[in-house]
Each structure stands twice: as structure tokens, then as C-alpha cells.
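Protein chains: 2
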Amino acid sequence: MDAPLKTFLEECPSLGLLRFIVTNDTAVLEARGFFEGLFFVPHLPHYANLHSEHFEFHLNMAEVGLVRFEELPSKRGNFTTYTVRFLKADGEKPSLSLFLQWDKPGEYAEGQVDAFVALREKYGETWIPQPTPAPTTAVAH
Amino acid sequence: MDAPLKTFLEECPSLGLLRFIVTNDTAVLEARGFFEGLFFVPHLPHYANLHSEHFEFHLNMAEVGLVRFEELPSKRGNFTTYTVRFLKADGEKPSLSLFLQWDKPGEYAEGQVDAFVALREKYGETWIPQPTPAPTTAVAH
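Protein chains in written order, with the working numbering: chain Z, 147 to 287; chain S, 147 to 287.
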């Protein structure tokens, strides 16, 4: 699928309730929410942004070189987890992970797993998006 | 103040509504919530954990070498922000940041800034906690 990351992100609302996870080597933050309200701002066109009442996220698309769909047995029990990972490159730790959020373990909302499978079929299990150009000036976080 | 990080974390509920921020070099995740429900588990004693309805966080205390209190003009307007930063060491990027969450810009809940100032006076503007021992076996995230 030859498309920029932005195109993929615009399809993520179909995944329903998600668990967003951002981690560094010391801390892990996880937020539950829908992928709704995605927006972009002109002076930082390489950033995807999402604000909601309880959480917000920002993703530097210029640093995402790979998107991977993972369907794996849960570490905590006898059910399956569905995750979209955003990485710099293969072999790197995920910069952002989106888990389909279950209600009871293994119980997903209707259509949620179908949406995951549909996106995986469309983009492929491992997808390399078109590069997102970064502005030439450095940006402070 | 000669104390382990755990002692400080147990005082953080006094800060009221917070904005938790975890970032790596690609993604930023921010969640609004109270520092309530802190817990520890026996098999990962160096991790501080917090679960709530909308978010959860995990902090590897063995990787936190410095806590800093920052009182700074907001980047977005004419008011003051109050932040507790958790870093590996001076000069490193924060692994976790806790911003006092305002309602309208600059409007904090009663007692919130006082609690921040009290903690800063007790621990010092830059505080080095007692080292947290890490188990000898590696832990996968």
C-alpha cells in the first residue's frame, strides 16, 4: 500500500476503543480512548495530534518508518491481543503502540477485530509508509 | 532529604489534578488524572504503578536518579506552570513529567500550588533520591 502515514492514521478510528501506550526506558504511560479528533497544524505538518478530555497524543510522523500489525496470545491469559505498533525501523522498540482495548479479557466490541483485520489486509502485516518530510528547523518538545 | 523515591511518590497525591507526560523521541502521551492508587508488586519491587479508569503508569524507580521541581512561565501564555520532572540524571530528558493541571490557564485548584511548594521545600529544588535496587534478572516490558 503506497500511502503516507497520515492516510493510515485517518483510518484508525475504525479500531474503536484503544489503549495507547508510549514508553521510554524508564516510564510507561497508557491511556484508554478512541482515536477521534485527529488534527494537524500548519507549522508542524509532520506531527499528528489528538486531544480528548482525558488524554492527548502527538506523533512525529517523520520518525515512523514502519507500522506492524501484531496478533498474539496475551501474556496474562488465554486470549488474543491485537496491536498496531509504530516503529522507527524493524528491530527497534515501538515508539507508539495501539492495543485494541477489551472489556473482559478477550471480549472485544463488535466489529473491532474485523476492522483490525481489514486494515492489516489493506496495508500488510508490516507496512512501510511513504516518508513524511520534516521541516528543516529543529523543534523543541 | 534522605529518602527513597517511593517515599516521595507517596506524597504526590497532595498535588491534586495532574497532567502525566511520557515521551520518547517520536511520540508524546499525556494523560489527566490524580496521583491515586499507587501500588507496588512483590516480583517487581522497583516499579511504581498506578491504575485508574482512564490511564495507568509504571515507573522504573531504579532508573530515576534525579527529581526536579520547575516553576516556569508557560510557553502558551502569561501564566506559571509547575512541574515535577523525573530524570535519569541532570542534563537528560525527563522520563516522566507531572504538570499541575490548570482549569483555565493559570487557574489552579485551591491548595495545589501550596502542595507543590511544600514538597519543593521539603525535598529541595533538585533532589537525588536514595538509589532503588533493581532485581538482578532482566524484566521485559
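Think of the hints as simulated: they come from the structure by calculation, not from any bench. Accuracy of the hints is not assured; some may be wrong.
One side of the interface only, derived from the structure: several residues of chain Z facing chain S at Cβ under 10 angstroms [stated by the list, open to error]:
1. 167
2. 169
3. 179
4. 201
5. 210
6. 234
7. 239
8. 272
9. 274
10. 281
11. 282
The calculated DSS-like cross-link candidates involving lysine-lysine, where the alpha carbons are at most 27 angstroms apart (straight line), are [said to hold, decoys possible]:
12. S:239 <-> Z:239
13. Z:239 <-> Z:152
14. S:234 <-> Z:234
In this text, a Cβ means the ideal position worked out from N, Cα and C, and glycines have one as well.
Checked hints:
A cut of 10 angstroms between beta carbons decides the hint on residue 167 (chain Z): the least distance to chain S is about 8 angstroms, and the hint holds. Residue-level restraint check for residue 169 (chain Z) holds (minimum Cβ-Cβ distance to chain S is 6 angstroms; threshold 10 angstroms). Below 10 angstroms, beta-carbon pairs count as interface contacts, and residue 179 (chain Z) has one with chain S at about 7 angstroms; its hint therefore holds. Taking 10 angstroms as the C-beta cut-off, the interface hint given for residue 201 (chain Z) holds, the closest approach to chain S being about 4 angstroms.
Taken as an interface hint, residue 210 (chain Z) checks out: its beta carbon lies about 6 angstroms from the nearest beta carbon of chain S, inside 10 angstroms. Among the interface hints, the one on residue 234 (chain Z) holds; its C-beta lies about 7 angstroms from the nearest C-beta in chain S, closer than the 10 angstroms criterion. The interface hint given for residue 239 (chain Z) holds, since its Cβ lies 8 angstroms from the closest Cβ of chain S, which is under the 10 angstroms cut-off. Here the hint on residue 272 (chain Z) is broken, as its CB sits about 18 angstroms from the closest CB of chain S, past 10 angstroms.
With its C-beta approaching chain S no nearer than about 16 angstroms, residue 274 (chain Z) sits outside the 10 angstroms limit, and its interface hint is violated. For the restraint placing residue 281 (chain Z) at the interface with chain S, the shortest Cβ-Cβ distance is roughly 16 angstroms, beyond the 10 angstroms limit, so the hint is violated. Interface hint status for residue 282 (chain Z): violated, as the beta-carbon distance to the closest one in chain S is roughly 18 angstroms, over 10 angstroms. For the suggested pair residue 239 (chain S) and residue 239 (chain Z), the alpha carbons sit about 18 angstroms apart, so the restraint of at most 27 angstroms is met.
Annotation: proposed proximity of residue 239 (chain Z) to residue 152 (chain Z) holds, straight-line Cα distance about 21 angstroms (limit 27 angstroms). Using a Cα cut-off of 27 angstroms, the hinted pair residue 234 (chain S) and residue 234 (chain Z) holds, with the two alpha carbons roughly 23 angstroms apart.
Of the numbered hints given earlier, the model fails hints 8, 9, 10 and 11; all others are met.
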